[in-house]
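Using the sequences and the accompanying hints, generate a full structural model.
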Amino acid sequence: MEPGRYRLVAARACPWAHRTVIVRRLLGLEGAISLGLAAPTHDKRSWNFELDPDGVDPVLGIERLQQAYFARVPDYPRGITVPAIVDVPTGEVVTNNFPQITLDFSSEWRDYQREGAPDLYPEALREEIDTVNKRVYTEVNNGVYRCGFAADQESYDAAYDRLWTALDWLEERLTHQRYLVGDTITEADVRLFPTLVRFDAVYHGHFKCNRAKITEMPALWGYLRDLFQTPGFGDTTDFVQIKEHYYVVHHEVNPTGIVPKGPALEGLLTPHGREALGGRPFGDGTPPAPSPRASRSPRATTRSTPRTTGPTPAAETSRPPHRVALAQRSHQEGQDLADLREHQRADVPTAPEDSRCRHRTHVLALRGRGRAQAVPPVWFHQHLKAAVADRTRQRHHLDHVRPTGQEPPGRHDHRRPT
Numbered sequence: 001m002e003p004g005r006y007r008l009v010a011a012r013a014c015p016w017a018h019r020t021v022i023v024r025r026l027l028g029l030e031g032a033i034s035l036g037l038a039a040p041t042h043d044k045r046s047w048n049f050e051l052d053p054d055g056v057d058p059v060l061g062i063e064r065l066q067q068a069y070f071a072r073v074p075d076y077p078r079g080i081t082v083p084a085i086v087d088v089p090t091g092e093v094v095t096n097n098f099p100q101i102t103l104d105f106s107s108e109w110r111d112y113q114r115e116g117a118p119d120l121y122p123e124a125l126r127e128e129i130d131t132v133n134k135r136v137y138t139e140v141n142n143g144v145y146r147c148g149f150a151a152d153q154e155s156y157d158a159a160y161d162r163l164w165t166a167l168d169w170l171e172e173r174l175t176h177q178r179y180l181v182g183d184t185i186t187e188a189d190v191r192l193f194p195t196l197v198r199f200d201a202v203y204h205g206h207f208k209c210n211r212a213k214i215t216e217m218p219a220l221w222g223y224l225r226d227l228f229q230t231p232g233f234g235d236t237t238d239f240v241q242i243k244e245h246y247y248v249v250h251h252e253v254n255p256t257g258i259v260p261k262g263p264a265l266e267g268l269l270t271p272h273g274r275e276a277l278g279g280r281p282f283g284d285g286t287p288p289a290p291s292p293r294a295s296r297s298p299r300a301t302t303r304s305t306p307r308t309t310g311p312t313p314a315a316e317t318s319r320p321p322h323r324v325a326l327a328q329r330s331h332q333e334g335q336d337l338a339d340l341r342e343h344q345r346a347d348v349p350t351a352p353e354d355s356r357c358r359h360r361t362h363v364l365a366l367r368g369r370g371r372a373q374a375v376p377p378v379w380f381h382q383h384l385k386a387a388v389a390d391r392t393r394q395r396h397h398l399d400h401v402r403p404t405g406q407e408p409p410g411r412h413d414h415r416r417p418t
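So the sequence shown is residues 1 to 418, counted in UniProt numbering.
It should be emphasised that the hints constitute simulated quantities derived from the structure, not laboratory data. You may find that some hints are simply not true.
Said to hold, decoys possible - Cut-off 25 Å, straight-line C-alpha distance, at most; resulting in silico cross-link-like pairs (DSS-like, lysine-lysine): (1) K208 / K134; (2) K213 / K134; (3) K208 / K261; (4) K213 / K261.
What the hints assert, rightly or not - Derived DEER-like restraints, expressed as beta-carbon distance ranges: (5) R45 / D284: 44 to 52 Å; (6) G4 / D161: 47 to 55 Å; (7) A289 / P260: 28 to 36 Å; (8) E154 / G61: 47 to 55 Å.
For clarity, every value in this text was computed on a predicted model and none was experimentally measured. Here a beta-carbon is modelled for each residue, glycine too, at the ideal position from N, C-alpha and C.
See the structure below:
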C-alpha cells in the first residue's frame, strides 16, 4: 500500500458510495486516502465535478469521472459508477468493486488506520456478517430500486412484498440487539445505513415503498437514530444532495424534476434509548475525532427554507449558478442541523470536507498491461435484467443498481502481485 497515491471518488448522493465514505471516516484513513466528490446530478456522460471550482477535480484534473474510466478502458461500455478508486499518476480507474473497497479499507490499509480504529469485519463474525449482508443487499439495498423501477404492476407487487418481508425481518432482529451482528458496529451496519437513512426522504414516496416510514417502525427507527448520531454516519450524510440526485436524475420516475422540501429531520437527533440493549459502538476502539466546524460536511436542514447566505465567494464564480446555489444551500442547511444539534447537546461531530485534499492514494497495485505496477481489471457493473433495465439503461437511470442476487467478485477474483 502506498499512501498518497490513490483517490477515492464518491458522491454524497449515492448509497453505494456512501458506505465507502463512512468506512474511510470510521477507520481514520483521511490522511492516507484522499476523497473526491462528484456533484449529485449527472447525465449520460457520467458523474461530474461541477461543485469544484471550474468544474474540475483538483487532484485528478478531470471534469467527469468518465475520463478516468476511459483512461483505463477506452470507450468503456458500461455505466460510469461511484465509488471508484483512481490511480492519480496514471489517471486510471483501479476498481469500482464497491463492496470490496470497504473490505480493503479494513484489511489492506490496516497500517494506516487511526489509533483506536474499530474492527468492522472481525474474523470470528465474518460468516454471519456475510450472510446478513447478502440478504440486505438483495432484498433491501437493491429491493428499493426493484420497486422504484418496476415496469408493471405484477413486478412492483412482487418487489414490494420482498422488500417488506426483509424490513420486517430486520425490525424483529433489531428489536433484541443493538447492531446487526455482534455487539459492535460492523460492515453489516455500514451497508444497511445508507438505505435506511434515505428511506423516508426518497424511497418511501419516490420509489413507492410506502407501507410505512422508518419513523413508524420502532426498532429500525431507534437503530437509524443510534447510527446517525454516531460519528461517521450522520456526519457523512447530505440530504440536500441525496434528494436532488433522485428527484432530478430519475426523470422517468419524477418527470417534473420537483424536489420535495421534506421530510423534517429533527427526529434523527432525538434520544434513541438503544444503549439499554448493551453493545459498544466501536468495541475496544474509539470514535473518530470531531472535525472543526468550518470543515464539516454539508448536512440536512431542519428548516423549511434555508437561511439567506452571504455574498458568493470569488472561488464560486467559476461554477454554474445553479451549482453555486446548491453548494450554498447544502452548506447552510448543514449549519442549521449543527445549530439544532448543539442546542440539544447531542455530540454528533462531523467529517472533514476534503474533496480538495491533495493526498493521493493507492488501494490495489497489480500487474497488467506490461507495467510493473498497473491496475486490476475494472469490474464491469451490470444492471438489473428484464425489460425495465433495458429501457432505463438507455437513459442511464440505473447506474447504481447491481444485478439481483449477487455481489461483485470478491477479493479472491483479483490477481495480486506475487
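Cross-check of the supplied hints:
no.: 1; hint: K208 / K134; result: holds, 23 Å
no.: 2; hint: K213 / K134; result: holds, 23 Å
no.: 3; hint: K208 / K261; result: holds, 18 Å
no.: 4; hint: K213 / K261; result: holds, 17 Å
no.: 5; hint: R45 / D284: 44 to 52 Å; result: holds, 46 Å
no.: 6; hint: G4 / D161: 47 to 55 Å; result: holds, 49 Å
no.: 7; hint: A289 / P260: 28 to 36 Å; result: holds, 35 Å
no.: 8; hint: E154 / G61: 47 to 55 Å; result: holds, 48 Å
Checked against the numbered hints above, the structure violates none of them.
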